[in-house]
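Participant: Sequence:
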Amino acid sequence: MRTEAIRPTGVSRTFGVEEIIVSKTDTAGRITYANDVFLRVAGYTWEELIGAPHNIIRHPDMPGGVFKLLWDTLNAGQEIFAYVNNLARDGANYWVLAHVTPTFDGSGRIVGHHSSRRRPAQAAVAAIEPVYATLRAEERRHSGSVAAANASAAMLASILAEREQSYEQFIWSLINPAGVMA
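Each residue of the sequence shown is one higher than the one before, starting from 1 at the first, in my numbering.
Don't take every hint at face value.
So the derived label-pair ranges between C-beta atoms look like this [said to hold, decoys possible]:
1. 10 with 53: 37 to 47 Å
2. 11 with 134: 17 to 27 Å
3. 78 with 163: 31 to 41 Å
4. 51 with 164: 36 to 46 Å
5. 8 with 109: 33 to 43 Å
6. 159 with 51: 30 to 40 Å
7. 123 with 168: 34 to 44 Å
8. 164 with 137: 16 to 26 Å
9. 50 with 163: 32 to 42 Å
10. 8 with 32: 19 to 29 Å
11. 77 with 175: 33 to 43 Å
FYI, nobody ran anything at the bench for these hints, they're computed from the structure.
Where is the CB? At the ideal position from N, CA and C, for every residue including glycine.
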């Protein structure tokens, strides 16, 4: 497990269009499974990742408000798609389109989470980066990570209201610019 902060190097990496990064976590966000693509792209060993908090790969440029939305959605028992900029062990970043779902036991209780991540289209990353930059700027105006994440989430809700889109519609518009709902 990482003991010192990893600094972004400005180097970007990617992975194959056909590859899927997969991980599973418990309800506290500790990694319980990571596939070989995750290990290779993130640059960690199995031993370093299993039991580690999933935010071990959190890039400092990711707005806390996006993670607040993600956790609120998952805790409500719903799936979510999100564009996420991750930080590899060597400081390189890699963008993903994450599909995160809660995992339920036989009684319907949430017992963990499953995340499948694909390589996003460059046009989608280019479209989301200015939105994330706006959210990060809002976060810098607040002291404390909780206040910053709440302010960022509120700003994201405001941006979406101006666009007259839900978060799901906004992400779908980046996934599928033609606007055809599946």
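Participant: For every hint, state whether the structure bears it out.
Facilitator: For each hint, the structure was consulted:
Checked against the given bound of 37 to 47 Å, the beta carbons of residue 10 and residue 53, roughly 24 Å apart, lie outside it. The hint said 17 to 27 Å for the Cβ distance between residue 11 and residue 134, and at roughly 25 Å that hint holds. Roughly 21 Å separates the CB atoms of residue 78 and residue 163, a value that falls outside the hinted 31 to 41 Å. Roughly 43 Å separates the CB atoms of residue 51 and residue 164, a value that falls within the hinted 36 to 46 Å.
For the pair residue 8 and residue 109, the beta carbons lie near 37 Å from each other, so the given range of 33 to 43 Å is met. Between residue 159 and residue 51 the Cβ separation comes to about 36 Å, which falls inside the hinted range of 30 to 40 Å. At about 19 Å, the CB distance of residue 123 to residue 168 disagrees with the hint of 34 to 44 Å. Our hint of 16 to 26 Å for residue 164 and residue 137 holds, since their Cβ atoms are close to 23 Å apart.
Between residue 50 and residue 163 the CB atoms are about 40 Å apart, so this pair conforms to the stated range of 32 to 42 Å. Between residue 8 and residue 32 the C-beta distance comes to about 27 Å, which sits within the given range of 19 to 29 Å. Under the hint 33 to 43 Å, the C-beta atoms of residue 77 and residue 175, about 22 Å apart, miss the expected range.
The structure fails to meet hints 1, 3, 7 and 11 from the earlier list, while all remaining hints are met.
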